[in-house]
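S.K.: Respectively, the protein sequence lines represent chains Y, Z and U. Quick note on numbering: the numbering used here labels position 259 of the first sequence as 259, and the sequence is numbered without any gaps. Start counting at 1 in the second sequence, then tack on 1000, and there's your number in the numbering used here. Start counting at 1 in the third sequence, then tack on 2000, and there's your number in the numbering used here.
In case anyone wonders, no lab produced these hints; they're calculated from the structure. From the three backbone atoms N, C-alpha and C, an ideal C-beta is built for every residue, glycine too. Please note that a few of the clues may not be correct.
To be verified - From the structure, some residues in chain Z lie toward chain Y, with a derived Cβ separation under 10 Å:
(1) Gly1153
(2) Pro1169
(3) Ser1184
(4) Val1185
(5) Val1187
(6) Leu1190
(7) Arg1194
(8) Ala1235
(9) Leu1249
(10) Leu1251
(11) Val1254
(12) Pro1265
What the hints assert, rightly or not - Per the computed footprint, the stretches of chain Y lying under chain Z, defined by three or more beta-carbons under 8 Å from a beta-carbon of chain Z, are:
(13) 181-187
(14) 203-214
(15) 247-260
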Amino acid sequence: MDPVLEVRDLRVEYRGDGRTVVGADNVSFEIGAGEIFGLAGESGCGKSTIANAVMRLLKPPAEITAGSIRFQGRDVLALDARELRAFRWREIAMVFQSAMNSLNPVLTIGEQIVDIFTTHEKMKKRAARERAGELLQLVGIDPARLKAYPHQLSGGMRQRVVIAMAVALRPRLLIMDEPTTALDVVVQQEIMAQIRDLQRELGFSILFITHDMSLMVELSDRMGVMYGGRIVELADAKDLFAEPLHPYSEALMNAFPPLTGPRQELTGLFDAPRTADSCGFHVRCPEDRSDCSTNIPDLREVAPGRWVARSLEGAPR
Amino acid sequence: MTEALLSVRGLTKDFQVGTVFSRRRVRAVNDVSFDLPAGRITALVGESGSGKSTIARCLARLEQPTAGEVLLDGEDVLRTERRRASRAYRRKVQMVFQDPFGSLNPVHRIEHFLTRALVLHGHSATPEALRELIETVGLTEDMLQSYPHELSGGQRQRVSIARALAVEPRLILADEPTSMLDVSVRVGVLNLMRRLRDERNIAMLYITHDLGSARYLADTTMVMFAGELVEGGDALAVMDAPAHPYTRLLLSAVPDPERAGSYDPVERARLREEILNPTSCPYGDDGTCSLTEPVRHIVGEIDGQPHWVRCHLRAPASDIARRVLKATDRPDVEATDDTEKAETTAA
Amino acid sequence: MTAVDIAGKTPAATPPAAPTAQGPGRRRGLARQLLGSKKALSGLCLLAVFALLALLAPALAPGDPSLINSTGSQAPSGAHWLGTTTKGQDVLALTLWGARSSMFVGFTVGLAATGIAILVGLASAYFGRLVDDALTLFTNVFLLLPGLPLLVILAAFLPPGTSTVVLVLVITGWAGSARVLRAQARSIRGKDFVAAAVVTGERPLRIMFREILPNMASVVMTTLLGCVVFGITSQAALEFLGLGDSSVVSWGTNLYWASNDGALMTGTWWVFVPSGLCIALVAFALALVNYAVDEITNPRLRSVKRRPVKRRG
Chain Y
1 MDPVLEVRDL RVEYRGDGRT VVGADNVSFE IGAGEIFGLA GESGCGKSTI ANAVMRLLKP
61 PAEITAGSIR FQGRDVLALD ARELRAFRWR EIAMVFQSAM NSLNPVLTIG EQIVDIFTTH
121 EKMKKRAARE RAGELLQLVG IDPARLKAYP HQLSGGMRQR VVIAMAVALR PRLLIMDEPT
181 TALDVVVQQE IMAQIRDLQR ELGFSILFIT HDMSLMVELS DRMGVMYGGR IVELADAKDL
241 FAEPLHPYSE ALMNAFPPLT GPRQELTGLF DAPRTADSCG FHVRCPEDRS DCSTNIPDLR
301 EVAPGRWVAR SLEGAPR
Chain Z
1001 MTEALLSVRG LTKDFQVGTV FSRRRVRAVN DVSFDLPAGR ITALVGESGS GKSTIARCLA
1061 RLEQPTAGEV LLDGEDVLRT ERRRASRAYR RKVQMVFQDP FGSLNPVHRI EHFLTRALVL
1121 HGHSATPEAL RELIETVGLT EDMLQSYPHE LSGGQRQRVS IARALAVEPR LILADEPTSM
1181 LDVSVRVGVL NLMRRLRDER NIAMLYITHD LGSARYLADT TMVMFAGELV EGGDALAVMD
1241 APAHPYTRLL LSAVPDPERA GSYDPVERAR LREEILNPTS CPYGDDGTCS LTEPVRHIVG
1301 EIDGQPHWVR CHLRAPASDI ARRVLKATDR PDVEATDDTE KAETTAA
Chain U
2001 MTAVDIAGKT PAATPPAAPT AQGPGRRRGL ARQLLGSKKA LSGLCLLAVF ALLALLAPAL
2061 APGDPSLINS TGSQAPSGAH WLGTTTKGQD VLALTLWGAR SSMFVGFTVG LAATGIAILV
2121 GLASAYFGRL VDDALTLFTN VFLLLPGLPL LVILAAFLPP GTSTVVLVLV ITGWAGSARV
2181 LRAQARSIRG KDFVAAAVVT GERPLRIMFR EILPNMASVV MTTLLGCVVF GITSQAALEF
2241 LGLGDSSVVS WGTNLYWASN DGALMTGTWW VFVPSGLCIA LVAFALALVN YAVDEITNPR
2301 LRSVKRRPVK RRG
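With the rest of the complex left out, here is chain Y (with noise of 0.2 Å):
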């Protein structure tokens, strides 16, 4: 079966003053039917671009330089205006970082709601609006809020409306872009089973896109740990987690603070911004670089489903 999303050498560029920066580079992944796909990172690693290539909502300085990205078998770079518009929404949706912020203050949810039906649709108002309210009771909001403005909503409650404008058209893949950042601990969880919920009733692939691993591996089949523009592990989400076969992976697996067990002492990555002469990862460059971390070689497949990008003699960086 086609997998539902495949991104082969993906390679995104940022150009400005003179300078390129690369954003993305020689990404490759796929995304099977109603799987959830975890793309990790952090600030800067590339992970958001990807989601907004994928989308088509690069704008420049950004450009989509190499590589191809296919829906179901269809060339995503390859639509023109109308087919994208055809595209957007309703074979993939996408839920922004903080969108429960970018909600229009001056329109009811209900109204928002309705908007998408009325538009892609081509629906009636009141055939709209009830649609509207099954879809609010889909992720656990009573359909009487429908008339309830954004800032008389809680944060979670905004976040679930997001969630559910965007499975309104029941697309095939839902791009999830740091979903839960802006919201307590507490609220998290519930929107996450509110996620799972929904993904086991419509079937629909998610690729989930944090910075918190934990809640990452909660929820993933597979993941990917970013680096850098460059993908430097891809495996089943248990898989990594239990052993991650990356230093970069490893960093970021041990960065977090058990809440069980005794207290030992964790060392994270030391903090200095990539650049193109240093990758950060230690204080000072050794005199060997031979076995440099700035070269983030291409992924080999070490066992079944499992890809790092190591070079073949497995030296420790």
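Place chains Z and U on chain Y using the hints.
M.R.: Chains Z and U alone, transformed into the frame defined by chain Y:
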């Protein structure tokens, strides 16, 4: 039992929210009392809107509390320094802010922040002094000439810590210092804080919503909910044997991949009920329970440090509690993030 | 933090042998960066040219330019590069001498009005509550007073002269800018770095002028531009209506007399075009500097050179 450096008694803070036509009072902090022992790290854990940032701002004298006492070395500074904090207070109590991008003025070089902090409190800003400061927080001397936007988030937070250290404080108020940092960098900053406590005997109030980091760093942990303190004690004890239903609710909500099937809606609902409509208190064998007084039951002790929990029978006074807990899945109640809004507009 | 930021930062991990190189424009102060910007440089040069011409007017066009003689209106020629007015005055001389008055009034009004607006805006934003309420009321009163009638009344009562004009224009011109600067100052006041300065122990005056104000460079520049242009054109308006000291030679009076003598109707364009053009050029020069300041303080506004995309693969 180490002596308390700073004691807070009955701290209360109200905010006015709304327009001229519909003013409302929001009680962000309600009758909070605690001690900060010298040379120890105390974590204040709670969700956004719980009032913890307000407490930090009150202790930093950025806000004027509505009621209560703040005793530094036994003297109530709210009475002795009514309108503005004295330079002496500022020398003893410093603050590190949450946002590494916003807490350093973008038009100044790093050198400026450290120099001003030194000079204002009578130290001379010699190159040696600056170098020593910047190296203490793990950065290099050449960064003194940089502008804030040239550094990473973690480096900026280290600069903020250096700025606080320059005055040689006895207490540092750290308001969510790592929550806006990348995950792999947080540990480095936490380790730095721990080192400063060990080497310089600086007390810290570490405010966070991240239970894991509180457990990692702190000696004592206090849990805050809807403007009130509900539990406190040795950090490990509070996490391993939580006595208040809200603490248990928080712990169950932290994502933990090792824990299978973490989300149990039945248990959640039960805990919520226990918090909002308590019917019994398991610690009231000695008959000290009270519906009206904020009684604290002692449930354990470690190294002379009591593990206390607020009497369960006392439901939280503020209706924020109701809204915060109910709004997540009982949509019949209108909910707004009042305290957060109040805290931000009053800034 | 976007990928763009990452590559631009100087690395901290390089061996400390050589001091880290200066990134282009990143480590210089605002003044230096301005001098490095083409827009700012053009604008400043243009202003300098006008200032120079104004200063050298007595040398370049000696004598009293407003002397009336019987030559009558003549088109530009070798003897009079910009022609003459109906009164026989040399237009070039009038324009040069006009620069003196207009530049003086324009910049004095501009700087004074901006200065007052800064003080009011900063104080309002920093102290808040009562001080803010009082200053806002004060500002609003001046804002609501109808400008032109007030100008007329004041100009009629006070002794005629350039200083009166300056005073009147400053009084009517500062309030609008004060509102804008107050809004900007308030938003900066709420940022953490101001709270950090308070906690470090900085005094209010230092915080206002060394922490808040430097972050307002862009808006202050815009305000200055607006006030200078207001000064020049309002002086012209006052004189156009015959309310200023009409014996003074300024760009405004030049336009007044041009209209009075029916220049538009008779088609003697050389009488009014030079003065009008000068006003526009001064405004343009200031706008260039304004853009430059905007670009420097907000990197997102910098123009991106587009290059053709090479697609691989």
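S.K.: State for each hint whether it applies.
M.R.: Comparing the hints with the structure gives:
no. : hint    : verdict
1   : Gly1153 : holds (8 Å)
2   : Pro1169 : violated (24 Å)
3   : Ser1184 : holds (4 Å)
4   : Val1185 : holds (4 Å)
5   : Val1187 : holds (3 Å)
6   : Leu1190 : holds (8 Å)
7   : Arg1194 : holds (9 Å)
8   : Ala1235 : holds (9 Å)
9   : Leu1249 : holds (6 Å)
10  : Leu1251 : holds (7 Å)
11  : Val1254 : holds (6 Å)
12  : Pro1265 : holds (8 Å)
13  : 181-187 : holds (count 4)
14  : 203-214 : holds (count 4)
15  : 247-260 : holds (count 8)
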